[in-house]
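As a plain string of letters, each chain reads:
There are 4 protein chains.
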Amino acid sequence: MNTKPSLELASLIEGYRRFRANGWNPRRERWAALREGQEPRVMVIACSDSRVDPAQIFDVDPGQIFVVRNVAAMVPPFETSPGHHGVSAALEFAVQVLRVREIVVMGHGMCGGCKAALTQELAGTEPGKGGFIADWIELLDGAREEVVHKHGTQGREAEKAMELAGVKVSLANLRTFPCVSELESRGKLTLRGAFFAISDGLLHVLDEESGEFSPVE
Amino acid sequence: MNTKPSLELASLIEGYRRFRANGWNPRRERWAALREGQEPRVMVIACSDSRVDPAQIFDVDPGQIFVVRNVAAMVPPFETSPGHHGVSAALEFAVQVLRVREIVVMGHGMCGGCKAALTQELAGTEPGKGGFIADWIELLDGAREEVVHKHGTQGREAEKAMELAGVKVSLANLRTFPCVSELESRGKLTLRGAFFAISDGLLHVLDEESGEFSPVE
Amino acid sequence: MNTKPSLELASLIEGYRRFRANGWNPRRERWAALREGQEPRVMVIACSDSRVDPAQIFDVDPGQIFVVRNVAAMVPPFETSPGHHGVSAALEFAVQVLRVREIVVMGHGMCGGCKAALTQELAGTEPGKGGFIADWIELLDGAREEVVHKHGTQGREAEKAMELAGVKVSLANLRTFPCVSELESRGKLTLRGAFFAISDGLLHVLDEESGEFSPVE
Amino acid sequence: MNTKPSLELASLIEGYRRFRANGWNPRRERWAALREGQEPRVMVIACSDSRVDPAQIFDVDPGQIFVVRNVAAMVPPFETSPGHHGVSAALEFAVQVLRVREIVVMGHGMCGGCKAALTQELAGTEPGKGGFIADWIELLDGAREEVVHKHGTQGREAEKAMELAGVKVSLANLRTFPCVSELESRGKLTLRGAFFAISDGLLHVLDEESGEFSPVE
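Protein chains in written order, with my numbering: chain A, 14 to 230; chain B, 14 to 230; chain C, 14 to 230; chain D, 14 to 230.
Be a bit skeptical, because a hint or two may be false.
As the list makes no split between identical chains, a pair holds if one copy fits it or if it spans any two.
[Said to hold, decoys possible] In silico BS3-like pairs for lysine-lysine, Cα to Cα no more than 30 angstroms straight-line: (1) K17 to K128; (2) K142 to K181; (3) K17 to K201; (4) K163 to K181; (5) K181 to K17; (6) K201 to K142; (7) K17 to K142; (8) K128 to K201; (9) K128 to K142; (10) K181 to K201; (11) K163 to K128; (12) K181 to K128.
What the hints contain is simulated information worked out from the structure, not anything from laboratory work.
The whole structure should be built from the sequences, with the hints applied where relevant.
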């Protein structure tokens with residue numbers, strides 16, 4: 014190792030050595046199979062937040078979930094404007110190439126992105142100083158109105174309403190992709206909304222008919 | 014649970030119950046602290062591929078790394094064109110709000126995104142049918158030329174060269190963000206390139222001076 | 014391991030390692046005894062269906078049950094025509110060599126074999142394309158008539174009636190074996206009919222006098 | 014319960030109650046998904062012997078393996094003679110209906126069926142008194158010759174050679190089914206030979222190229 018040392022890197026390398034001992038060596042056969050290719054059956058779209066790692070919360074095996082993580086677990090709607098559409102590319106890869114059977118959008122409590130969407134505290138800031146976040150969470154603007162109307166812009170109740178609404182926005186936007194809605198209607202693809210409450214560690218699953226999130230027992 | 018049952022969901026919920034038993038309950042104090050907020054010191058930008066989960070490879074604790082995952086671990090360059098810039102928003106959040114000290118870009122072997130960049134097999138396809146992936150991995154077009162010149166467009170050698178070059182592209186693009194380059198020059202932020210070789214499970218770290226990736230012992 | 018890797022094999026091997034850790038090593042004495050020979054007191058005839066494993070449903074110890082599994086838990090009648098009679102051989106082994114005291118025929122809900130017997134959807138297909146299944150479940154033809162007369166050929170009610178009737182067919186066929194009927198009449202062998210309802214996970218036991226299956230409390 | 018009581022039944026029911034507590038109730042979601050149908054990716058063909066339960070040795074989840082069990086884990090060759098071909102029907106169901114990806118034939122040590130094939134101690138007995146077993150294990154006659162030539166008909170060495178040869182016979186017979194050999198040649202189906210040594214609890218996997226069985230580490 015001839016790179017600049019740091020406590021951060023040291024910590025990652027120590028973790029990597031544990032992974033070699035516990036996650037790689039005893040699972041040689043799985044890794045040998047994964048060398049040939051991946052066949053995940055689930056795509057998870059989650060927040061970049063350091064407290065809500067899907068691989069940890071769902072205790073998955075390597076190869077089990079294809080994961081997108083960004084601020085607030087957002088999915089922009091299908092749009093063919095020029096530009097680099099990262100979530101759309103990942104979605105296309107998961108659905109068309111890997112043919113996953115299920116897509117889970119997982120929101121979470123204490124989400125900084127959703128809070129900023131609610132308070133609009135970053136509105137008008139420059140790119141690089143908050144402007145990119147502001148532009149990104151504009152995706153929640155439509156849902157925000159109803160939340161603010163019911164709960165105002167402050168307080169945990171309003172924030173949680175915004176977080177739950179965000180999951181529904183991403184689900185709705187997923188369905189604007191023709192390949193998603195077609196596969197869903199043919200029963201080949203299932204969409205799920207989920208919510209991980211950091212305060213008590215409970216996972217909730219959305220019942221889309223009632224619109225309610227209920228804790229998994 | 015009144016949502017449509019599936020083996021995929023069942024598997025995630027069973028994993029979640031293991032997490033409750035092993036990852037939440039015995040670590041109540043850590044989660045109580047995380048309830049108040051996150052303070053990750055590292056941002057990791059990794060691929061969505063199901064085989065390269067950073068939380069598993071670095072065996073991190075909850076709260077330790079802020080994670081972006083997309084196809085091929087790409088970072089688009091700083092640009093202020095209209096649109097939803099997901100990676101830029103996450104980067105801004107990590108650097109400006111969370112003040113991480115280190116950003117790790119981790120590429121990996123057998124990367125489907127890098128391979129498609131190399132072969133250009135998806136060029137010209139429609140959005141939703143490969144076009145989103147094609148647009149996204151255009152980010153690698155500059156680096157591709159040199160790879161193709163040296164190794165052609167086929168074979169594991171060419172693919173690996175593309176994968177390693179992709180890490181360098183993302184590092185270079187990170188430095189087009191003024192906030193990143195300024196903090197790096199002041200020694201407040203360290204950028205790292207890393208590569209996880211799926212075939213033998215070895216993590217490599219980039220020495221930017223020599224341009225070489227070397228395995229961590 | 015120099016065989017072709019696959020996730021299927023990896024999963025089996027990982028399960029085998031759990032078995033070594035939890036099912037073999039802590040039970041060395043039992044396995045040492047089993048090395049000398051088996052003395053199961055029960056034979057179970059069950060369906061090949063992946064959801065109705067008798068060792069799991071009865072949570073048995075190694076060495077406890079001698080198990081035949083085939084499509085629909087069928088027992089052909091005693092017949093001395095030339096050919097390889099697999100169930101007859103196993104029955105002979107259990108009754109004459111191992112001297113089991115009890116034979117349990119366990120049917121189950123959502124049985125694909127019974128459903129095909131009911132609908133006769135595979136009748137006339139070629140061997141290898143459905144014809145083997147069609148020939149096998151001809152064993153249910155006699156019982157089918159009454160079921161169809163009462164319930165028709167479609168719907169869960171008809172299917173369940175076929176599944177329950179199938180258990181009775183296998184019990185009746187067991188009694189065509191002279192060794193079985195003789196031992197039963199001498200009180201040395203007990204036959205049981207059982208039914209595992211996949212929909213609610215309830216085990217039912219047949220009262221042969223009334224002909225009714227009742228759930229075990 | 015109004016059926017004749019017995020210690021055997023009592024033991025099964027106690028086990029079933031443990032299954033309800035540990036294998037059903039905490040896994041409600043999995044069972045709800047399995048209610049909709051089974052999707053096993055593996056078929057296992059194993060011996061009826063009470064000591065070699067595949068679900069225990071591979072510690073599988075409900076729904077994971079489709080299982081045939083008969084004396085000595087035999088597969089008769091493809092033949093279209095009249096009669097009830099149980100293994101052929103199960104194979105057809107697994108391959109054509111369920112589309113499993115892998116078939117594992119698992120032999121085992123101390124196999125009574127293989128021993129009888131070797132010694133031919135049951136040759137000439139009447140059906141019901143050993144004759145069914147004798148007819149069934151005639152399937153091993155071809156392989157027996159070579160074993161006897163090398164090792165004689167007595168002793169653990171000869172028995173083990175017969176047991177290992179039996180696995181290869183079943184694999185060869187599997188390949189006489191056109192649907193199996195065609196799918197295997199197209200890379201859609203993998204066949205495996207395995208052997209569970211009761212004496213030391215070690216699972217061996219066959220390398221078909223070398224013809225050797227090696228223990229899984």
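Against the structure, test the hints numbered earlier, and report the numbers of the ones violated in rising order. When the structure is compared with the hints, none of them turns out to be violated.
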